[in-house]
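> Sequence lines, in order, name chains X and Y.
Position 42 (the first sequence) corresponds to 42 in my numbering; numbering is contiguous.
Position 37 (the second sequence) corresponds to 37 in my numbering; numbering is contiguous.
No wet-lab data here; the hints were simulated from the structure.
Every residue gets a Cβ at the ideal spot worked out from N, C-alpha and C, and that includes glycine.
Worth double-checking, as some hints may not be accurate.
As the list claims (entries may be wrong) - Take a look, some chain Y residues computed to stay more than 12 Å from chain X by CB distance:
#1 N13
#2 F50
#3 R112
#4 S177
#5 L285
#6 E450
#7 M494
Said to hold, decoys possible - With a cut-off of at most 20 Å between alpha-carbon atoms, the simulated DMTMM-like pairs for lysine to aspartate or glutamate come out as follows:
#8 K466/Y / D38/X
#9 K9/X / E481/Y
#10 K475/Y / E24/X
#11 K466/Y / E20/X
#12 K14/X / E481/Y
#13 K44/X / E241/Y
#14 K466/Y / E15/X
#15 K309/Y / E278/Y
#16 K466/Y / D514/Y
What the hints assert, rightly or not - Here are a few chain X residues that sit away from chain Y, every Cβ distance over 12 Å (derived from the structure):
#17 S6
#18 S10
#19 E15
#20 R52
#21 V55
#22 G71
#23 L78
#24 K80
#25 S82
#26 S83
The lines below spell out each chain.
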Amino acid sequence: MQEIKSTVKSYILKEFLFGENPDELTDSTPLITGGILDSIATLKLVAFIEERYSVTLQAHEADVEHLNTIGDITNLILSKKSS
Amino acid sequence: MMIKCALQDLLANAVRLYPQNIAIDEPGHGTVTYAELAQLSDRVRDRLCFIGVEPGDRIGIYMRKSIDAIAAVFGILKTGAAYVPVDPNAPAARNAYILNNCAVRAAIVEKRFELRLQEELGKLGPPPSLLLLDRTGAGEPLRATLDLEDSLRHAPTVETTTADPDELAYILYTSGSTGRPKGVMLSHLNAVSFVNWCSEVFEPTDKDCFSSHAPLHFDLSILDLYVSLKHGARLVLIGEEASKEPLRLAPLIAEKRISIWYSAPSILSLLAQYGGLERHDYSALRLVLFAGEVFPIKHLRLLKSLLPKPRYFNLYGPTETNVCTSYEIPKDIPEDRTVPFPIGETCSHLQSVVLDENGSGVPVGQEGELCIRGSGVMQGYWNLPEHSARSFHAESGGKSWYKTGDLVVEDQEGNYIFVGRRDRMVKRRGYRVELGEIEAGLYRHPNIKEAAVIAVANEEAGVQIKAILSYREGKRASVIELKRFCAENLPLYMVPDLFHFLESLPKTSTDKIDYQKLLEIK
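So that you can see chain X by itself, here it is in the shape it has in the complex:
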């Protein structure tokens, strides 16, 4: 779980928060409602998750309900991997 969190976190920092202090990005920072992930950034994130964790996200899962925080994203990946 920690591994997933830190992988997702470093990906978001590298791709969408260039120059940000890593400590500012927490498990509960709002990503979509906070203006960090727009629609195209979300697609890139989904593509990254699918490739890195060999899972497939359904269209309805690529939304604010499932992807708004690193915590949500981690839970989604975990539920995908265990099913």
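Mind docking chain Y on chain X? Use the hints.
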């Protein structure tokens, strides 16, 4: 071209010819026929007239794109008023500014926006009357509101007003360089002459099925809505969510048997890359139209290889003229072509010239500003007479040309090639963004001392927006905090991708921010 027709007459004609055709399909909610759409919009007209709306008024539309919203559009037009659609996703303060700026007599608003809107409108003066809808979907909530109002005080049936061609039909607000959106005023003649050009070139029929991908406050919606309705075709409203998600959109286009697609290139790029297009049947699709920004060749080539059947057109034009040039993409794109296709030749209802900085014509092959005149050109910007005057080049003899601000070169075949912008406007995902409006938004942050925003070209991501900032004393805001701040104060498509911090921004000898130097910062 003699045009006596107003936009509401297009619907009236279609109702006569195709009353039982499906006019609008709102996936997940329902459909309406032409007869039903006419009837519902008649009731909106009656209600608006009852509360005092008169020809020449402006009426706001603040709701999700839906059958309710389209019925509202026609209801407003039938009173002889102009409609002013605002972006339901934009901050309430921006929308209140717009509705106040053009002094709407009334607005039709979804309830979930009411509280914030009232708050913001209250700061600006006496608010307009609001017609509130519980939600939107298939026209039911609109009908319910009208029923309720009628049960309290019945609105008698009135005649539809036939608008004069030069009357305003709608005002579309676009990003303004001073930080405030500006209202582009478009008349019935402007819209109908463009719609008629589309009829000539694309030859739609009542068997066609159009996509409605763009939101109503975006000028692409004019083609979707009025060209389809003029011909008795079906219009499929694509919701906010599906419109950005290639995996939802790809099957929707196939299932709905869409035959004429129109959008900005960015979503087409995403469909080609992530949509899994090979998994669906697109045999109904006969036209793919795109406009709003440059379509990178790499993605266009991929899209054409996945969907080889339809004809592809690159349409070009600012909101002020709607589409003013077009170019049909050739069947085969040569492998070695890397530069984007031309924006093409001037549409038949317009005329064009390419002028240098002194207003003199430039020879073929030389760069200059594309200027347009004719029946499609806007009347001006709402309540900005000086700005409006500046945006036209007046020639002796009374001709005046709208200056697009776009630099072009005419090639040997008579096609215009887009070169760049004269000012600080950029296109991002089809949206028009004035960098100055983002700067003005950033300056509202209490800790920001100086803000400059530039556009950076990025091979993969297209245009990226970069903000360069310096701070007052005190704690520097984090990138996360700044993004959130921007998301609260600006439309989402204006939130910068990158932030860069400096002690102070570089200045020119006249003490202005030196944008050239900023461009050099890596």
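> All hints are to be evaluated individually against the structure, with a verdict given for each.
Hints, one by one, checked against the model:
no.: 1; hint: N13; verdict: holds, 38 Å
no.: 2; hint: F50; verdict: holds, 40 Å
no.: 3; hint: R112; verdict: holds, 15 Å
no.: 4; hint: S177; verdict: holds, 22 Å
no.: 5; hint: L285; verdict: holds, 20 Å
no.: 6; hint: E450; verdict: holds, 17 Å
no.: 7; hint: M494; verdict: violated, 10 Å
no.: 8; hint: K466/Y / D38/X; verdict: holds, 15 Å
no.: 9; hint: K9/X / E481/Y; verdict: holds, 17 Å
no.: 10; hint: K475/Y / E24/X; verdict: holds, 13 Å
no.: 11; hint: K466/Y / E20/X; verdict: holds, 14 Å
no.: 12; hint: K14/X / E481/Y; verdict: holds, 17 Å
no.: 13; hint: K44/X / E241/Y; verdict: holds, 16 Å
no.: 14; hint: K466/Y / E15/X; verdict: holds, 14 Å
no.: 15; hint: K309/Y / E278/Y; verdict: holds, 13 Å
no.: 16; hint: K466/Y / D514/Y; verdict: holds, 15 Å
no.: 17; hint: S6; verdict: holds, 17 Å
no.: 18; hint: S10; verdict: holds, 15 Å
no.: 19; hint: E15; verdict: violated, 10 Å
no.: 20; hint: R52; verdict: holds, 16 Å
no.: 21; hint: V55; verdict: holds, 14 Å
no.: 22; hint: G71; verdict: holds, 15 Å
no.: 23; hint: L78; verdict: holds, 22 Å
no.: 24; hint: K80; verdict: holds, 15 Å
no.: 25; hint: S82; verdict: holds, 23 Å
no.: 26; hint: S83; verdict: holds, 19 Å
Checked against the numbered hints above, the structure violates hints 7, 19; every other hint is satisfied.
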